[in-house]
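**Q** Given next are the chains, with one letter for each unit.
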Amino acid sequence: MIAAAAWVCLLAPLAAVLAIALGGNRLPRRAAGYLATGSTVVSFAAAVTALIATLGNSASQRQTVSTAFGLIETHAFKINLNLLVDPLALVMMLVVSGVGSLIIAYSIGYMKGESEQRRYFAYIAFFAFSMLLLVEAANFFVLLVGWGLVGLSSYLLIGFWQERPSAIAAAKKAFIINAVGDAAMALALFLLIQHAHTLDFGGVFGQAVSLGQNSWLINLVAAGLLVGAIAKSAQIPLHTWLPDAMEGPTPVSALIHAATMVTAGVYLIVRAHPLFEQAPHVQQTAAGLGAATLLATGAIALVQTDIKRVIAYSTMSQIGYMFLAAGIGAYSAAMFHLVTHAFFKALLFLAAGVVIHALGGEQDMRKMGGLRRRMPRTFIAMLIGTGALVGLPPLAGFFSKDAILATAVSNGVYGKVLFAAAIAGVLLTALYSFRLLFLVFSGDESELVKKSLPKRKRAEGPRWMTAPVAVLTLLAIGGGWMQVSGLWHPFSSFLEQVAPSFASEPSASREWLLSAVSLVVALGGVWIAWTVYAARTQQAPRAPRALVEKLYFDRTYDLLFYRPAVAVAHRLGSWFERPVIERSGEEIGFGALMGGRFAAAIQSGLARTYVLLVAAGVSVIVLLFLVLR
Amino acid sequence: MIRTPAIDWLTLAPSLALLAATIASLMAAVLVPERRRRNVSWFFCLAGYAGAFAAAAILFDRSPHSRGVIANALFRDRYGALAAMIVAGVGLLTTLVYYGERSTVDRVGERFALLASAGGGMILFAQSANLLTLFLGLEWLSISLYVLCALERERPEAIEAGFKYLIVGGFSSAILVFGAAFVYGATGTLNLAQIAGKAPSGDLFLITGLAMILVGFAFKASAAPFHTWTPDVYQGAATPVSGFMAGATKAVALLVALRVLSVSFSAQEHLWTSAAAALAVTSLVVGNLAALAQRDLKRMLAYSSISHAGFLLFAITAASSLGTRALLYYLIPYGAASVGVFALAALHERELGEPATLDNLAGFGWRRPLSGIALWIFMLSFAGFPLTGGFVGKVYLFAAAYRSGWTWLLIVGAVATLVSLGYYLAVVRAIYMRPEPGEKAAAKEEPPLLDRMLSTAVFAAVIVTVGSFFAVQPLIDLAKHAASQLPL
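As they're listed, the protein sequences go chains A and B.
Every number in this note's numbering is 16 more than the matching position in the first sequence, counting from 1.
50 is the number that this note's numbering gives to position 55 of the second sequence; each next residue is one higher, with no gaps.
Bound-form chain A, shown alone (with noise of 0.2 Å):
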């Protein structure tokens, strides 16, 4: 029941796939978005059918494996093609596919009247496939096979639009960054066969322990898995694909690069637990990592003029805040974060699109304004999102986000000092999202509105799109309730037999206090943000240079590899490849060619040359093996 339910989420959108793209032409393009559409909704039945199974069983039962068949086998170690359903891969099946459905919906609206729906639909497909397989591998090589498949459905839709230079620039440097990541990972894997002899999860984190504790061994195992992890999250110092990924259509923003796979690092190290705690130094390090990014990717947005740039910047921002939790062993308030996260990030991305689409492809938060009269619903959602992400009671993002700096705060010095980034992220948070939400929305209709939205009409886009924004706004409302600190707590102790914390609980007074603290400091940035650009009493200060240039990050990667590659390549081209490979090359060729006639010369064509070449082998190999013997 459970296994069937688990290959009929994954295998679902492939269906969906396939007939798009073997139906082609013969497909009408509405079709096709229908079929995307469809196939995950099918996903998402079968992973709340898989949910409702396994919380039939009881605590200590709820992981199951399916194995379909072998797909390696040596004499050291062998590999399945198997799924793993427990309470974790559930959690994220539910999202990807719940989520997913939602966006691919939403996007039948968004790209009606491209002429390329059919390819769109197909790929974005293709990604709910490679990411629910990634969620729902058994051991690290079908983990590895979905990492690199969402990548490539990634680099696919960031490149839709193909006839844009910036757009394929944009695929290639994701590619690039997300493969540095992929390397490394693979690159642990190879450590893990050669020590563990096995890929499966149950395999290798049973023998994590006897790796040895901080071992040179596990520590690069899971530094390589950290390195993995950090490029798919974008968190520093692999983050600089992540703005540039905006170049992709809107809902392939909100679905990869905010809901689902930029999270998949979470995931790998919250699924990987066992091999992080015998690390300890790794683990603290993607703590850190976290904290640094979630406050540089915080100023950085505070100074960015594209409106889908801030929102990417946030998401970097709070997934920042995944990692910190992740780091200091607080498992599920990691997992916590990253649903919410996806309800409203998937959220503030689909209404940011409502806008887009509004004003015809304009992104520039400058030339925008005062939609709030013209875009109500849309405003609101907008509000909604923006309050849950800062963290607002009774939103989504307050429950989540407090979980975090709690247990941050109970666990240790170093435990301190990540509070400490992670509380001034939250005015960093409140500030650059409602800058965002004023600028777009408050003040004078701008030029643009005026001329894209003519005669005071409502422009929120057709149903396709406002539905999903709705059930999205209701998600970011209510979803933070499902686990209420002090009070209830479903959530971490369904994932208590995957993931126990491993960090030290805060108690639950502690915690409402903390929420108290850091709700404070949200509303005085949200009171900020709102005289400089609501009510405009402050002039904005300047943007420092560092911010705008996104701390030089771009800069020095230019620098440090890109100009010495292409400096080493133009000169290797221009002192060996030219003189020397070609010249070979076509050297060796032309006697190969000679060569080649000379043996098809010995065809004389006559048999008595065929037999007479016979037995001159005959007489050569008796002598030589009498010679020999």
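Stretches of chain A that chain B covers, calculated by requiring three or more beta carbons in the stretch to come under 8 Å of a beta carbon on chain B:
#1 74 to 88
#2 629 to 642
Derived Cβ-Cβ restraints for the label pairs, each shown as a range:
#3 ILE368(B) - ARG42(A): 15 to 25 Å
#4 ALA52(B) - ALA483(A): 54 to 64 Å
#5 THR321(A) - ARG429(B): 46 to 56 Å
#6 ILE368(B) - ALA562(A): 51 to 61 Å
#7 GLY180(B) - ALA631(A): 19 to 29 Å
#8 GLU463(A) - LEU420(B): 55 to 65 Å
#9 ALA466(B) - VAL582(A): 42 to 52 Å
#10 PRO195(B) - VAL636(A): 19 to 29 Å
#11 LEU5(B) - ALA84(A): 25 to 35 Å
#12 ARG479(A) - ARG429(B): 51 to 61 Å
#13 ARG429(B) - GLY589(A): 27 to 37 Å
#14 ASN41(A) - ARG429(B): 19 to 29 Å
Capping the alpha-carbon separation at 20 Å, the derived lysine to aspartate or glutamate pairs in DMTMM-like fashion look like this:
#15 LYS383(A) - GLU476(A)
#16 LYS475(B) - GLU89(A)
#17 LYS94(A) - ASP472(B)
By construction, these hints were calculated from the structure, which means they are not laboratory data.
Quantities reported herein were computed from a predicted structural model and do not represent experimental measurements.
A virtual CB, placed ideally from N, CA and C, is assigned to each residue, including glycine.
Since the structure of chain A is already known, use the hints to place chain B on it.
**A** Here is chain B on its own, set in the frame of chain A:
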């Protein structure tokens, strides 16, 4: 009263099925009215191969231990059964391709009878447990093939091919049987399992016999320098028959060679591994270089099959269980791709009415998109690209050679693979990237020939070629079971 040995019918069943098919097809050639003759003969041949395949599969399942049966004339084991399955599979596909072959109708019954008969001989050859049955099987398959080549006698090339094949083939059969006589003289037994240890390992006659037997196998496997017949015969014979020879004859020749060498001549391993290495290198050099110079597709494929004999000989050079596994595995995608590619050549010939060349293939991929993709896949499999079984097979063969310490052979193999891209990709370039010649544009107006049988065979060949990449493990497990029954 003569005491007859106990007959193990299951062991005999695959070759008996084909023998029955031969007789039934021949009868049909006489008894069935002419307009239905093709269908009836064809059906018997197809049923014979299907039956042989099923019988071989059952035999595989029920022979967990190797033993000699019928007075030690045949081996009942999984090694022989898997070889029989490969032969029957290749034969099944060939029968489908052969159905639509154009020729004068009056020899259609004989055609299928001979095809079934050749398969029966191959299976007996693959199962043989003494030098006499071995020779019997060899002649059974060879004579069927000689006639099959010369059958289209209105084409002078066919007569020439059959005649050359007969003369050179007869000569090398004589060498093999002469070698067998030497071995018998040295050891006093024909039984493969008893030859080992009967004579001192350096015995003059035994060694001479070994060398001559080896040459007989090398001839059938078309390894250089015993390959000279191959281009002429492949070019002259009916195209489906060439595919059958490339996919099945080579397979059994190498499999039986490996069995005889490992079972009977384990004491002389240092000799025959070196000889196999030398043959492999010669085949790779000659096959690859000559293939580069060809414009005729079938001739090019003939040289490609010579170079493949070189790669496959790596398994004999390795003389290990891994090598045996690699050989058994590789023959599966290789056989499928061979039949498939010759089927497409046949399709092209039938459409054009002239031999397929790299020049007249121009535009093939655009005119027939699915066939073009299939041809592309077969070429990639021959060249050893991933997503085809050819890749995995080559990896296994190279790994086997490496494990046994033949590092320099690997280097030769890698260079040969590189060179082989020159002609395999030339086909892909020809079908997609060459402008169609102007006068052919008229032919384009006609709807392309549709041959359901041929399309089915090509489709099945593509499935096997690609499927063997994804289902490596089950196939390797099969090969492992079979390989474990050789004393390596």
